[in-house]
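Residue numbers (our numbering), protein chains in the order written: chain C, 9 to 332; chain P, 9 to 332.
In short, the hints are calculated from the structure, not lab data.
The C-beta atom is built at its ideal place from N, Cα and C for all residues, glycine as well.
All clues given are correct.
Chain C stretches covered by chain P per the calculated footprint, using a threshold of three residues with CB under 8 Å from any CB of chain P:
| # | segment |
| --- | --- |
| 1 | 84-98 |
| 2 | 118-126 |
| 3 | 142-156 |
There are 2 protein chains.
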Amino acid sequence: MQTTEQLQNILDQAIQNLTFPDQPKHLYEPIKYIINLGGKRVRPLLVLLSTELFGTDAKEAIHAAMAIEVFHNFTLVHDDIMDNAPLRRGKATVHEKWSTNTAILSGDVMMVEANKNLAKVNPIFLKDVLDTFNTTAQGVCEGQQLDMEFEQRDDVSIEEYINMIRLKTAVLLGGALKLGAIIGKASEKDADLIYQFGENIGIAFQLHDDILDVYADPDKFGKQVGGDIIANKKTFLLLKAFEQAKDENLEALENWTSYKKFDVREKVNAVKQVYDTLDIQNIAKASMDEYLNKALALFKQINVSDEAKFNLLTLTTQLMAREY
Amino acid sequence: MQTTEQLQNILDQAIQNLTFPDQPKHLYEPIKYIINLGGKRVRPLLVLLSTELFGTDAKEAIHAAMAIEVFHNFTLVHDDIMDNAPLRRGKATVHEKWSTNTAILSGDVMMVEANKNLAKVNPIFLKDVLDTFNTTAQGVCEGQQLDMEFEQRDDVSIEEYINMIRLKTAVLLGGALKLGAIIGKASEKDADLIYQFGENIGIAFQLHDDILDVYADPDKFGKQVGGDIIANKKTFLLLKAFEQAKDENLEALENWTSYKKFDVREKVNAVKQVYDTLDIQNIAKASMDEYLNKALALFKQINVSDEAKFNLLTLTTQLMAREY
Numbered sequence: 009m010q011t012t013e014q015l016q017n018i019l020d021q022a023i024q025n026l027t028f029p030d031q032p033k034h035l036y037e038p039i040k041y042i043i044n045l046g047g048k049r050v051r052p053l054l055v056l057l058s059t060e061l062f063g064t065d066a067k068e069a070i071h072a073a074m075a076i077e078v079f080h081n082f083t084l085v086h087d088d089i090m091d092n093a094p095l096r097r098g099k100a101t102v103h104e105k106w107s108t109n110t111a112i113l114s115g116d117v118m119m120v121e122a123n124k125n126l127a128k129v130n131p132i133f134l135k136d137v138l139d140t141f142n143t144t145a146q147g148v149c150e151g152q153q154l155d156m157e158f159e160q161r162d163d164v165s166i167e168e169y170i171n172m173i174r175l176k177t178a179v180l181l182g183g184a185l186k187l188g189a190i191i192g193k194a195s196e197k198d199a200d201l202i203y204q205f206g207e208n209i210g211i212a213f214q215l216h217d218d219i220l221d222v223y224a225d226p227d228k229f230g231k232q233v234g235g236d237i238i239a240n241k242k243t244f245l246l247l248k249a250f251e252q253a254k255d256e257n258l259e260a261l262e263n264w265t266s267y268k269k270f271d272v273r274e275k276v277n278a279v280k281q282v283y284d285t286l287d288i289q290n291i292a293k294a295s296m297d298e299y300l301n302k303a304l305a306l307f308k309q310i311n312v313s314d315e316a317k318f319n320l321l322t323l324t325t326q327l328m329a330r331e332y
Numbered sequence: 009m010q011t012t013e014q015l016q017n018i019l020d021q022a023i024q025n026l027t028f029p030d031q032p033k034h035l036y037e038p039i040k041y042i043i044n045l046g047g048k049r050v051r052p053l054l055v056l057l058s059t060e061l062f063g064t065d066a067k068e069a070i071h072a073a074m075a076i077e078v079f080h081n082f083t084l085v086h087d088d089i090m091d092n093a094p095l096r097r098g099k100a101t102v103h104e105k106w107s108t109n110t111a112i113l114s115g116d117v118m119m120v121e122a123n124k125n126l127a128k129v130n131p132i133f134l135k136d137v138l139d140t141f142n143t144t145a146q147g148v149c150e151g152q153q154l155d156m157e158f159e160q161r162d163d164v165s166i167e168e169y170i171n172m173i174r175l176k177t178a179v180l181l182g183g184a185l186k187l188g189a190i191i192g193k194a195s196e197k198d199a200d201l202i203y204q205f206g207e208n209i210g211i212a213f214q215l216h217d218d219i220l221d222v223y224a225d226p227d228k229f230g231k232q233v234g235g236d237i238i239a240n241k242k243t244f245l246l247l248k249a250f251e252q253a254k255d256e257n258l259e260a261l262e263n264w265t266s267y268k269k270f271d272v273r274e275k276v277n278a279v280k281q282v283y284d285t286l287d288i289q290n291i292a293k294a295s296m297d298e299y300l301n302k303a304l305a306l307f308k309q310i311n312v313s314d315e316a317k318f319n320l321l322t323l324t325t326q327l328m329a330r331e332y
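Could you build the full structure based on these sequences and the hints that come with them?
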């Protein structure tokens, strides 16, 4: 069994080895650009860790891991167009650096590249791998659609929000783990358990993100604390606050989310104060813990030794503990 | 062996049977809309005809045919955004009817749907089918990129143009036929021959389109004759005319393609006159015939009876003879 560091080295090497044609230049340069912007490579790492969990050499799963990473980057390129985002990992997004048309088409060809990597998987697993990948990809698209629709709605429930983040974020973690499990020759039951583990842990990660965006230590947080509040982003915290707030708290929320012009610091403090009065941070933490505990209970049921589970559990802990 | 009409009925039924989730509504409604706009379903029909050509029941290839049709419709949705096209088959394009974001994301999920259909192919052929499909899809994206780049360039050669239409239009015909051949258990040699046949016939079709756009009978042509001239579209005819023109003919082309304001009829007549002086129609026809003859010579080499080849040859003839 290889260490997580060894697997990360295998991944880095495989990403270096991804080659794309030189021409047409404007089709393939954006792909190299976005893939080399970096990132933590969590998703492909999950594929490899899952394969090793079931006692199979991670190298067997390297093409599936690349498929997941290229697909993930494809979603970033297209989501950034739709979200009108100027920056990604501190650099210009593809549609900003080139053009929207280039970002659409380079994204499309990345989806094809993801599928090309997938087709290199051992043919014994191919059908299962494709079905899992396609279901995952479809879920991610549905999640993005719901996320965009929620921006236009003011009646989004917590249940709907959880379903949206499940689709937009969590199914890809579940899908990555399940691909690794299939290639690792896991039983159907174990493959399903690790998928469910991934989905629940993914929801917990997103809730953690929602909390950090408001309550992170500004010195450790990589971006502006309160960014979600400033943008009226319908996070778990804002939705829960609207659900719980009455009288002056409700009025404060309604006012601050309706102002077109405002002092940024003043808005963040005012909304945060409503959150504090309503104990929103703890409610969010309780919900996060619920998904985390559900994930861990599912993980426990997987029929391999605790020793084999150590690396994946360590990574999960590290990801949950991040404060930046 | 089934008649082309019977195969068309199978196709219509299969398209009716394509089902998509109800929610999120704005993700899936555009897919139903674009697929039900109609069209001649030539590409999926080529899949089925090719399977039957090699003595296998077309029903074996129905999922591959659906994958090709859904993929083709995906390219229409994204190309229409990039080309800023308001109409498709006389109806509003997806980005006009909904929004650009909806068109991007519905297109993305159509690509996934195409892959889902592909994954239903008999696993014996799956690896080959995926490789052919992915190579084809990548080529189509490269063709669209080149087409967009050519709009910004004034030094496009005939050779580059032929390569662009090969990628944008012809590889999908070749790919459709090859998919049918793989599922029809054709030899590798025959699968390659029918692919090459498709590519060459595709180039001939596009050259035919270029000619018709200028020289079609206005009463039979479905759109405005001269549309390519009005839009300065770099077709085979315009590129060849620029290549051949000297003195006053060159001057006329340069002037008419540079005017921002002009009388439409006057421009069409003036450019057409240059074409006529330079015998461009016949040069284009000669080039078209070259690709057509190359296609037919390749088709002849395929190792099945002339009787089995009859339906595919008839369809090819009908498509080459269209004047609308």
